[in-house]
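S.K.: Protein chains in written order, with this note's numbering: chain A, 1 to 165; chain B, 1 to 148.
These are calculated hints, taken from the structure and not from any lab test.
None of the values given here were measured: they were computed from a predicted structure.
Mixed in with the good hints, there may be bad ones.
Simulated coverage check for chain A against chain B, where a stretch passes if three residues somewhere in it have a Cβ under 8 Å from a Cβ of chain B [unchecked claim]:
#1 6-12
#2 16-25
#3 118-128
#4 142-155
Stretch by stretch, here's where chain A covers chain B in the computed footprint (C-beta under 8 Å, at least three residues) [said to hold, decoys possible]:
#5 8-18
#6 30-39
#7 67-79
Just so you know, even glycine gets a beta-carbon here, dropped at the ideal spot from N, CA and C.
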Amino acid sequence: MFADLKRILPETCVLIALGCLFGLTINHQLVLDAFSGRLTAQPSAIAEESGLAALPMPAMLDEVRQLVASGGIVVDARSPDLYTLGHISGAVSLPMAEIEVSLPDFVQQVAKERTIVTYCSGFGCPDSFDLGVLLLEAGYRDVRVFEGGFPEWRDAGLPVGGGEQ
Amino acid sequence: MKRLEVWLYHLCRLILAAVFIYAGSVKMNDVVAFAGHVAAYQLLPYSSNYLVAVTLPYVEFLVGMLLLLNSRVRPALLTIGGMTLVFMLALVLVLLRDLNIDCGCFDPGGGQGVSAWGALLRDVGLMVLVVLCWWLRTRTSDGESAER
Chain A
1 MFADLKRILP ETCVLIALGC LFGLTINHQL VLDAFSGRLT AQPSAIAEES GLAALPMPAM
61 LDEVRQLVAS GGIVVDARSP DLYTLGHISG AVSLPMAEIE VSLPDFVQQV AKERTIVTYC
121 SGFGCPDSFD LGVLLLEAGY RDVRVFEGGF PEWRDAGLPV GGGEQ
Chain B
1 MKRLEVWLYH LCRLILAAVF IYAGSVKMND VVAFAGHVAA YQLLPYSSNY LVAVTLPYVE
61 FLVGMLLLLN SRVRPALLTI GGMTLVFMLA LVLVLLRDLN IDCGCFDPGG GQGVSAWGAL
121 LRDVGLMVLV VLCWWLRTRT SDGESAER
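Given the sequences, and given the hints that come with them, work out the whole structure.
M.R.: Okay, structure coming up:
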């Protein structure tokens with residue numbers, strides 16, 4: 001049953017290598033962006049309609065850490081459930097799903113001069129970008145989007161608030 | 001008897017081909033979303049999830065095509081067996097850590113699919129098909145001069 005293994009094993013390796021090579025070739029830009037931290041959250045319909053002259057700037061993990069250390073406010077665009085399960089330590093919950101309700105309160109409490117970093121679940125989730133656009137529209141001047149979001153923060157072993165996951 | 005085995009072999013082969021061509025192509029369509037599913041397992045650092053997401057669907061698709069074409073069947077089966085073992089290990093870790101996630105086995109866009117237990121059971125089924133297919137392939141190709 002396994003007599004041909006000597007022939008089958010190299011063929012298997014070639015097969016796997018070919019598949020990987022094919023995938024890497026097609027998606028090389030995505031991989032380069034992911035590993036250099038240049039990935040930005042995708043603007044969705046809201047962002048495209050906004051017609052803002054300036055869009056929120058992307059921020060990488062290290063920048064986000066520095067911004068937090070220098071008094072920036074981190075804003076979580078995910079659902080309240082996900083926020084409760086775990087969030088970037090010190091982040092304010094501002095779910096995109098109920099933004100009409102929560103944004104006025106936020107605007108009242110947070111000065112327009114503060115630096116704001118938005119995030120959501122990483123991997124192309126659009127909410128952090130959309131929230132960034134809304135905050136710019138609301139008059140905030142320095143708004144950044146942390147594309148890696150909660151997964152990248154958590155995986156880097158940085159402080160997390162909220163319940164156990 | 002021999003004829004039944006040949007028939008059964010082709011059935012196993014085509015089922016596996018269909019499963020993996022489907023699994024590969026739906027994930028190729030939305031690599032970024034699939035990276036998110038891989039990240040939900042919390043096994044890899046952030047950027048590495050993208051590496052898995054850009055390679056795995058293409059390997060799945062390739063082995064599916066080889067099975068469909070009835071070519072390099074045993075290397076393809078060995079690859080599927082290896083991948084399925086890794087999937088099962090990942091699912092066991094999910095169960096041990098009590099994570100409530102979508103397995104990301106198929107369509108990355110389609111919300112909550114089956115539970116980790118369901119996915120694990122499905123992987124056991126796939127493993128049975130792989131072993132059966134391998135065994136039948138070896139039996140039916142005995143005596144044939146050149147197996148391709």
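S.K.: Does each hint hold? Answer for all of them.
M.R.: Hints, one by one, checked against the model:
Counting residues of the segment 6-12 of chain A whose CB lies closer than 8 Å to any CB of chain B gives 4, which reaches the minimum of 3, so the coverage claim holds. For the segment 16-25 of chain A, the stated coverage by chain B is satisfied: 7 residues place a CB nearer than 8 Å to a CB of that chain, which reaches the threshold of 3. Restraint check on the segment 118-128 of chain A versus chain B: 5 residues with Cβ-Cβ distances below 8 Å, three needed, restraint holds. Closer than 8 Å: that is the beta-carbon criterion, and the segment 142-155 of chain A has 5 residues meeting it against chain B, so the requirement of 3 holds.
Counting residues of the segment 8-18 of chain B whose CB lies closer than 8 Å to any CB of chain A gives 0, which falls below the minimum of 3, so the coverage claim is violated. Beta-carbon proximity to chain A at under 8 Å applies to 6 residues in the segment 30-39 of chain B; the threshold of 3 is reached and the given coverage holds. Given a C-beta distance limit of less than 8 Å, the hint that chain A covers the segment 67-79 of chain B holds, as 6 residues qualify and 3 suffice.
Taken one by one, the earlier hints fail for this structure only at number 5.
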